[in-house]
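Trainee: The lines below spell out each chain.
Protein chains: 2
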Amino acid sequence: MESNTVFLPVILAVVGLVFMFIKMSWVKKQEAGDEKMKSISKSIKEGALAFLNAEYKLLLIFSIIASIALFIISQLVDTTHWIIVVAFIIGAIFSALAGNIGMRIATDANARTTEAAKTSLPKALQVSFGGGTVMGLGVAGLAVLGLSLFFFLFVTMFVTGEGSFYKEMTVALEALAGFSLGAESIALFARVGGGIYTKAADVGADLVGKVEAGIPEDDPRNPATIADNVGDNVGDVAGMGADLFGSYVATVLAAMVLGNYVVRDMSTTTQFTDAFNGMGPILLPLVIAGVGIIASIIGTFLVKIKDNSAKEAEVQKALDLGNWTSILITLIASWFLIQWMLPETLKMSFFGEGIQEVPSRHVFYSGMIGLAVGALISTVTAYYTSLGKKPVLDIVQNSSTGAATNIIAGLAVGMKSTFLSVILFAAAIYGSYALAGFYGVALAASAMMATTAMQLAIDAFGPIADNAGGVAEMSELEDHVRERTDILDSVGNTTAAVGKGFAIASAALTALALFAAYVTFTGIDGINIFKADVLAMLFVGGMIPVIFSALAMESVGKAAMEMVQEVRRQFKEIPGIMEGTGTPDYAKCVDISTKAALKEMILPGLITIITPIIIGLLFKAEALGGYMAGVCVSGVMWAIFQNNAGGAWDNAKKSFEAGVEINGEMTFKGSDAHKAAVTGDTVGDPFKDTSGPSMNILIKLTCLVGLVIAPILGGHSAESHASNTQLIKEVQVESELKDNEKSVATITTTVVKDGKKESKVIKVEGTKEEVAQAIKKVQE
Amino acid sequence: MESNTVFLPVILAVVGLVFMFIKMSWVKKQEAGDEKMKSISKSIKEGALAFLNAEYKLLLIFSIIASIALFIISQLVDTTHWIIVVAFIIGAIFSALAGNIGMRIATDANARTTEAAKTSLPKALQVSFGGGTVMGLGVAGLAVLGLSLFFFLFVTMFVTGEGSFYKEMTVALEALAGFSLGAESIALFARVGGGIYTKAADVGADLVGKVEAGIPEDDPRNPATIADNVGDNVGDVAGMGADLFGSYVATVLAAMVLGNYVVRDMSTTTQFTDAFNGMGPILLPLVIAGVGIIASIIGTFLVKIKDNSAKEAEVQKALDLGNWTSILITLIASWFLIQWMLPETLKMSFFGEGIQEVPSRHVFYSGMIGLAVGALISTVTAYYTSLGKKPVLDIVQNSSTGAATNIIAGLAVGMKSTFLSVILFAAAIYGSYALAGFYGVALAASAMMATTAMQLAIDAFGPIADNAGGVAEMSELEDHVRERTDILDSVGNTTAAVGKGFAIASAALTALALFAAYVTFTGIDGINIFKADVLAMLFVGGMIPVIFSALAMESVGKAAMEMVQEVRRQFKEIPGIMEGTGTPDYAKCVDISTKAALKEMILPGLITIITPIIIGLLFKAEALGGYMAGVCVSGVMWAIFQNNAGGAWDNAKKSFEAGVEINGEMTFKGSDAHKAAVTGDTVGDPFKDTSGPSMNILIKLTCLVGLVIAPILGGHSAESHASNTQLIKEVQVESELKDNEKSVATITTTVVKDGKKESKVIKVEGTKEEVAQAIKKVQE
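Chain order of the listed sequences is A and B. Its first residue numbered 0, the first sequence is counted upward by one per residue in numbering that gives the first Met the number 0. Its first residue numbered 0, the second sequence is counted upward by one per residue in numbering that gives the first Met the number 0.
Keep in mind that the hints were calculated from the coordinates and are not lab data. Everything hinted at is true.
Derived DSSO-like pairs (lysine-lysine); straight-line CA-CA distance at most 30 Å: (1) Lys598(A) - Lys388(B); (2) Lys587(A) - Lys571(A); (3) Lys594(A) - Lys389(B); (4) Lys668(A) - Lys653(A); (5) Lys209(B) - Lys668(A); (6) Lys674(B) - Lys653(A).
Please put together the full structure from these sequences, using the hints given.
Mentor: Here you go:
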């Protein structure tokens, strides 16, 4: 009966999706306000969908090319079945669908939040967070559903019991990697394209509107104002959603691949069996993800405030309560799931140390490390980017001596913030590996990602509140409405910064789990950077995130310039626009942002996908591993640096709104120091919203592409398994296995190498199990 | 007779030093101008020496601590003799001496250049370049002299022929590493401390002088003006000199260490012998360095211009002619040296590919790769930072929309400049390794560094010309004097940017050669980043350059603020200072810069030295290797990024002096765009003069510290040689070696591992040499 556990995650995912639909219809039933509000909300929605539709067209072309490439790979490689193409396409569709659902509900929820804020702050929170919940559950539900169904299908297709379980499962998981690749490809378009879109619109709207025409933010006379509000959704809702969808799927996949190695290592003497058809360690990450959805649903019920007098602190407390509750439930559930699904003692091969025994509770501790490090990195991020904390205050102080010192201080804050984050991250790798090998590392990532639904609900609520404020402004509502949405928006800014910390931490751990899966997939003996080609590629990999960031930043500049020219044109050519009698052509601005964003993302996108393929084909598997490591190390640094510098600059500028004390004097908006802080914020905008978050996609996609092409690379050097198989002529084993007595075996391996014949005789003495294990190892 | 070749580099070094003294007395004999000029020059000299003296005090404390630490290491480890302490101290003294000579001549040459410029531009070039030549020859001569004498001493002490040549030579080279460590430690103080000094004085002088008091640059009424001019010498002369002294010594050392492995690999059957007591491959790098000194001297004779009508292009051409001539001579000489000193066919063990035969001309080709890549990286650097080229013009264009877009454009230029530099660098690693293994990589670095004397002469001439302009300004001389020194200064700016490209390229190759020497020293099986501890340390290593840069940047800010307050105080308290009747207290400003610089460099210095020691002791040799690789990869990116962004911002600002066309309009100094460009330049100052160049020291010192502590770390994993030696119980060899027939050997190795006894029998068949080689390998 328990062998049907494969359906458990399916059921949990469906529960999540059902709850999503209930929540969605509840949000939609809310009052959307007067005609003006409805019309604004409609414009934003249309703009957002216009971006999505344009993106889909580009995606279609990309998917066709990628599908053909995958099909060719599947024809060249034994372990890759053509069905990987189907998995890829469905992965892309599911990810796009999740983004679509999120965008629709976010753009539905904004005006409804504004309307609710007219009478009640608790209701406004309920609506905006409800929108976020729909987004979160959509992403998590579709991810788990897709993964489980495909896994079920592939197991049925490939794990027939005719050949070795391990090899058949490898084929199944290789096909499943297609689903993950599809999901991450969409993330590339959504995160990078969305990042360019949102900043191009923002900068374009500000430069002409605020600076040249002197009209306030979100003023309906500004032709780019709708594009700006669309941008919040495109970047922060769809982009973040696709990013986490990709991480979520990739983490679970990597953990499953590494689970398969645990099964292999446990099958040295006899094939490992358990109540889950011998798939316990492989299924576990999937089930934990499913349970995380339910825990997230429970958590969302706790996110509420009492009355209209609530301030930021109460809203934040409500979000924290929901978040920690769902984390705690997942943690407790994981303890029992691990007891249930894993054998009490696992066997894992540790590099250079042979096969070791690991108690299953160590896997749980690895998960705890993942959760703890995720929370701590978020805390570090919050410290470096929050109002009133030392780093932001430092930047504020340095604004008094001009823009240059503000910039230097901001850069320094971003750079310094890498210290604790990287130490924590390194400790997570070290600790979870020491506990349970790379399976432990993958489980740490899985635990961190388990409550993705809740994380996304909290993340998506921010831009909805931000948009609600925009709707209030554009509809010229009473001040108390904007004040209420501002409370929500302000909390949203903090959660956005923390969310970015979470996103990069999870992306980095995901990438590492994929990296481990890659090394094991290719069958190489690790990645030795003492080989010149591997070392050279480590440097090349380290350079890619830097170039990618530069391209992304420049793209924002170019796209913003196009927007500036269009807004200037409209101000000149459309009569009565400044007097409020003429209507600006919002759609034209949306169109420009859309086209520019998608055009500009092609080059960095191509670099991300094609570079690992070229390196893999030219320099083979181990050098590609070096490249992947270089991308990850450098990518993590540049992501943390850019995200936190950008976040800190933003809040340094915001500090002036309430007034700050500089050299004993209170300083406010409009002062020279404030102007310097605005310069810093403008520099930080592409950092924190475009190039910084793009690093997540870059490192994950690099490792995923590597994993998918792994089977065509094979080992590189002569010692690798892959090339050894061609060289080994003969393995002879003479053994005497005795219970409770010393067993002996003589293993003779004959190898033909460079035309020379070499025999290697290994004599093994020890207990029966030890000898059997050694024989098994040689025979493989 | 040829066995006395060890004296050849000594003789060449002495020739270089003699020529240096001749040049020095020639420069000193030149007219130093009127009393005012002499007094200004004297103040600068006194300030520079005051910095050096303060530095020496700090150094003394540091050297005592480091000496004690080294002595303890030497007592713990068999292969480390206590004499390493002496080598360390002499290395530090030689490096300090080279810096001292350079500073003295540079501060002597400035007023003499000004005086010469009164009548003749060719003479002014001759004097300023003469000063640079003294610096260059002092550095190169002392480096080669120190290395050769110590090598001779250590070979006499340790290579007695009683034990294995390879092991005895290892002890000698390990002691020689102390000399290199001493030199690099001084570089840390000179480069980082000097970098902080020069920018603190510069920013401090500008903020109060130019901005607050409205007096021009180099105005004698500014109390910080002497400190500013001292800073040019402290940062660009002493700092750059110590940096290259360190690189030069470390490169030659690493090449010698790797040469010893070539000797070992060639001694598998019988001990390798040649006309150089079996030390040909070890001596070669030392001899090439010595020949490079002579080639540089010849090159310096070609640096001259015809008459006063010469412009920047002629001066640049004269420098290029000298530079390329010395490179060409070195190249040709290297061809013959390699023919003479290396056997026609070398044997080298390539990782995972066993021992391979390499023709000696491949070593020459590796050297050519080093020279080509050094020149190309310098060209790339020049492209990204030169006036009139696209990157700088892009920044200029982006200045028209304000400081923020200027900053973004500058950051993007710096980031994009990593692309070609890293590709070239990776190609150098890949190519020189493919040709001649890590010995080839080290020879590539050696070839690049061979003409260090010439490179430094060109580098040091810039700040001398800059100072000469300052002296002209402060002495209120006629305009044509300043115009002439400005021509030299302008060329000096270009050579400074190119010099920084050369410095980072050579530092990176040096670090790699040290890294290779480290891996071989520790006897570990390479650096496998598929092990979690190694991977974790790769991330930690990647973070260090980021933190180091942040600390260095902040240090500049703090030190500059102290300077600002002092200058403000003097303006307020010293009567008649602005009217020119009161004399400012220059010495006080020099003192503040000195103290602040040395105080601020302690933390980054400690991080650099202590982190690798902690990691080595806690996580063992392989993890430390991961850390070193992380520091190198990340350090190279951040160095290129910061140097080139800073250089490009600087020239973007300078573009406005001659006027630039922005959107069809000519824009000049004082415009809003120019103000934005000034902001960019201010951000870039610490980038290009403090944190960027510090990366060179960081990566080299990290690898050197690793190399010095290598013997106490031993191998980490069970497969390493170091721990195997404890486990191997017995090696039995039965062999039948026959000429012209098939030889056979049976090697039985018995190992005790985790209480189990394992025997490994290897049967080898092949020619006599092949079998002998295999036996040798196992026995080692």
